[in-house]
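Q: Use these hints to put chains B, C and D onto chain A, whose structure you have.
In case you want the letters, here they are:
There are 4 protein chains.
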Amino acid sequence: MALTGVLRPGHVQLRMLDLEEGVRHYRDVLGLQETGRDDQGRVYLKAWDERDHSSVILRQADRAGMDFMGFKVLDEATLDQLEKDVQAWGLQTERLPAGELMETGERVRFIIPSGHAIELFVHKTMVGNPLGEVDPGSWCKEQDTGIAPLRLDHALLYGPNVDQVLDLFTNVLGFHLAEYVNLPDTDIKGALWLACSNKAHDIAFVVHEEPGALHHVSFLLESWDRVLRAADIMAAHKVPVDIGPTRHGITRGGTIYAWDPSGNRFETFQGGNYSYPDWNRIEWSWDGLGAGGGLDVAHRKLHETFLGVVT
Amino acid sequence: MALTGVLRPGHVQLRMLDLEEGVRHYRDVLGLQETGRDDQGRVYLKAWDERDHSSVILRQADRAGMDFMGFKVLDEATLDQLEKDVQAWGLQTERLPAGELMETGERVRFIIPSGHAIELFVHKTMVGNPLGEVDPGSWCKEQDTGIAPLRLDHALLYGPNVDQVLDLFTNVLGFHLAEYVNLPDTDIKGALWLACSNKAHDIAFVVHEEPGALHHVSFLLESWDRVLRAADIMAAHKVPVDIGPTRHGITRGGTIYAWDPSGNRFETFQGGNYSYPDWNRIEWSWDGLGAGGGLDVAHRKLHETFLGVVT
Amino acid sequence: MALTGVLRPGHVQLRMLDLEEGVRHYRDVLGLQETGRDDQGRVYLKAWDERDHSSVILRQADRAGMDFMGFKVLDEATLDQLEKDVQAWGLQTERLPAGELMETGERVRFIIPSGHAIELFVHKTMVGNPLGEVDPGSWCKEQDTGIAPLRLDHALLYGPNVDQVLDLFTNVLGFHLAEYVNLPDTDIKGALWLACSNKAHDIAFVVHEEPGALHHVSFLLESWDRVLRAADIMAAHKVPVDIGPTRHGITRGGTIYAWDPSGNRFETFQGGNYSYPDWNRIEWSWDGLGAGGGLDVAHRKLHETFLGVVT
Amino acid sequence: MALTGVLRPGHVQLRMLDLEEGVRHYRDVLGLQETGRDDQGRVYLKAWDERDHSSVILRQADRAGMDFMGFKVLDEATLDQLEKDVQAWGLQTERLPAGELMETGERVRFIIPSGHAIELFVHKTMVGNPLGEVDPGSWCKEQDTGIAPLRLDHALLYGPNVDQVLDLFTNVLGFHLAEYVNLPDTDIKGALWLACSNKAHDIAFVVHEEPGALHHVSFLLESWDRVLRAADIMAAHKVPVDIGPTRHGITRGGTIYAWDPSGNRFETFQGGNYSYPDWNRIEWSWDGLGAGGGLDVAHRKLHETFLGVVT
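Protein chains in written order, with this note's numbering: chain A, 235 to 545; chain B, 235 to 545; chain C, 235 to 545; chain D, 235 to 545.
No lab work stands behind these hints: they were computed from the structure.
Same chains, same label: a pair holds when it works inside one copy or across any pair of copies.
DSBU-like cross-link-like pairs, simulated, lysine-lysine; straight-line CA separation at most 35 Å:
| no. | residue 1 | residue 2 |
| --- | --- | --- |
| 1 | Lys-423 | Lys-375 |
| 2 | Lys-535 | Lys-375 |
| 3 | Lys-535 | Lys-472 |
| 4 | Lys-423 | Lys-318 |
| 5 | Lys-375 | Lys-472 |
This is chain A alone, in the form it adopts within the complex (with noise of 0.2 Å):
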């Protein structure tokens, strides 16, 4: 099968600081859909346009930040295998059972050398979206309901032993690199974009010294006309805005990057480029990234904030 093994990113689960603030900024700011509640208390989300039952999990916490980002892979005989390759890759696994994730199989849990905890599932409740499946028509009140991105797309992770990252996810999880940084007068890869589809990226990570930081999740919106709109949705909800509107070099994707209020930092971005397996990775250079406008291509410049707010 073309497209096989891990399919896309399937959930995060976002530490609150106020849960109900940050339902009221992820429901009703972005406009996620509230699709159900746990005994735990959390709260159980998804983006309009996605099939699956949920994909962002809010939490209340003492501190902000991700718990864990879950991937959906093809089927039970893909999630043994894989299993039992990060296994011999040299970590240990966990299954979390079916239902401890609402609407949820049985996950297979694994810290990767960042300090992240990945984790792999086959089964979530497929709820479809607003527009059906049988003669859906291509406008539903709810891709008007806040920003309204289309799907979580991923998510930028900050932590140590990016080289072992990219090992993993390379060689064992079956992602291809698709753009990378080099780390200032070296050849060391400092931050990966990887994908394991043809987007421009399922996650990313950048080196950091802190373990298992979370630098941004992502939301995909249908244009640039979009993102404005969701600049001017920002500012009516005062959202606090880091970066953007502009656009990444990197991926080429319209963006814009802001908080939360627990302080995760969260994405709408749209477009951008896409990736293939077999195409030449693209190369920054550190300078790349910040005057190349990796990170801005408007401003040109590396933004303090990108560096060193994670959560």
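A: What follows is chains B, C and D alone, placed relative to chain A:
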């Protein structure tokens, strides 16, 4: 590997009633780059953001249409395996030598039950895009030269035995069915949108008496604004338009169908949805294709030319 | 004063075969705000960004079409002067009392040679837009409710004696001719686009045997993306579309023509050019109107409905 | 006449520290057309959709900034009357002979209380746009050459005595005030957006100690997509960007502020609202200008450069 097997549409060879007129269309109006001519007189072109040497090959002929469509596969092992699998499925295959097509390696060709010649290949010289692979910019003059699509995206082919084609593409070639149309008052799938990636489709078929017919080859634009610009440029060059600008309900893409000087239909489209092999297929009824906006969201009708005009 | 005299289209009164169905269309699909109903049963609506109380008035009637179109003028002195000038030009005028139309002052009405009732008025209660007039935001929910045009922009009216209308509007009412179409094989101006501002047009006329006919009233959208969204919303509500999405060569606007439930044509358009009284007029030949893309840049033909279907 | 008196910004003369470098910027990066050079060595340029001979004049100088801004008025009678009115208001006026500026008639010049030289003129040779005036197309290559704005749109000028400027522009020159900013903790209008049309503004002023300073000259683009393309082209040519892409709350336009090689700020913007003389003015508090998004909807702050950097 997550993206493996058949990677993407690699090339189509189109027949031109007047080759130089065809070149002027695809190069000067559509805005592809001419990358070579071979000793058979064939002309090779690529879209500006494609990395491979060429995606559209034009040749002089007495009859319009498509000679063959080729897909790039991951590696030699994949090619050998798919060759065997296609043979096992019951088709004869032919190996065309490296270099028969410029800057292209050996190709495995077979005629599928709809009468189309499909090819698989591993090697095509990677020439890159004008932005480069190290600290690339985000603008090059090729983006503003002609309609300037990013890439050859897919083709829609007309022919018989679409049920067998579905079996071949999904069970042998690793594609997944993203959307389909049932024939009137039946549950027979008469039209298929198939993907080997998470694109909305990489190839599509509609059942048709005559084998081997071409409905259109499609080129991807960055935005709906660029679709309007495409209409402006078509007008400036008196390119006859079939349908659009409009949105297809199927795939949700914004689109124009138009004709090249030989009467082959081509599409300039943008956006649209994406697909995954585990998603429920989107089903269209015959009424949904017409009155339901499957073909044309704005006009919600089955344009006569859609079913009747092919090359 | 630089912008003086006749300022802008202020209101149109449209006849609905089924008033409540009409209200549902203009309010719930087009997305105008209902601002009042009077004791005659007329329903008043405004576009979200308009400041005046209402711009579209609907009434129950046996026949579709437009009762009258009113223009706001600068002040009482202007109204008195224009009243005299119109009389001097040879038309009878009538004063309608303040309050006859809700929240609207005295109106001067006259029947122009094309058979349409045109009104001038000074006062209409200024209710503002939802963004407010002190430190306004840039987003309000009304922008995303229905198609949500910014304003009533212009109307295209069909009737006889277009040459006299041209004289009246340019020499008495202070409009300038921005673009015109010559009748086939003549230099008789058979279609006029007239502006009292630097818009592409504030009113337009096409010569037609039947007096007093309405071709369409037009509503302005912010972007070509919003035109596609309009098509999506029309599809969701089964609004029949006449022409578009496409670009008019005339005025260069991106457009959709569609029909309200009573059969009145309305337009949702965006962009286009602007005009100044000192510019050379843009001249369209009859062929230019059709094959030259004057009506439809994408399809370059004279759609039959354009000339034949009015209310 | 509805649009009369002062019609529009006609030209600005900008000082370049290195003339040819300036020409390369305005012609090759911004994409204006060079239309002439005079015996003083001044270079004349126009935007592709402008009809008049030129709108931007560049000259070599030791100091950056703007020499003068000229407005086209309707006719000779208007010019004579405005000359008298300006004199009656208390300013000295000067007549510059026809031809002193290429292809431009006699100009009436006066220094307004903010220290800027403002000119009024009637004649400038109309050279038209590349689309032509008979059956024009909707695309020309000039649209895709450089950033390619439609027109010089307005300028923002910094200087003292803004209250007097307001009186002059509204009570003598016929402009209307569209939006204004109150100085901190006062109701003194410290910033003015003034229009002689139904544009959002044709000229703007901010109170400033130094007389005669230029904040920016602004060029209109067709869409927000074109603003992103402007950012891409600026990056390709290493044009330093000040603010944006973002939306101004004031005028609601999508914008980028950037600097030409001499340090003059220029703006590429799109959209935004429109204005009428009878509308309530939009009032901005000092907080509204900054935290309220008046300057920058996305970032909601008063960028230091906005108040401090002028030429």
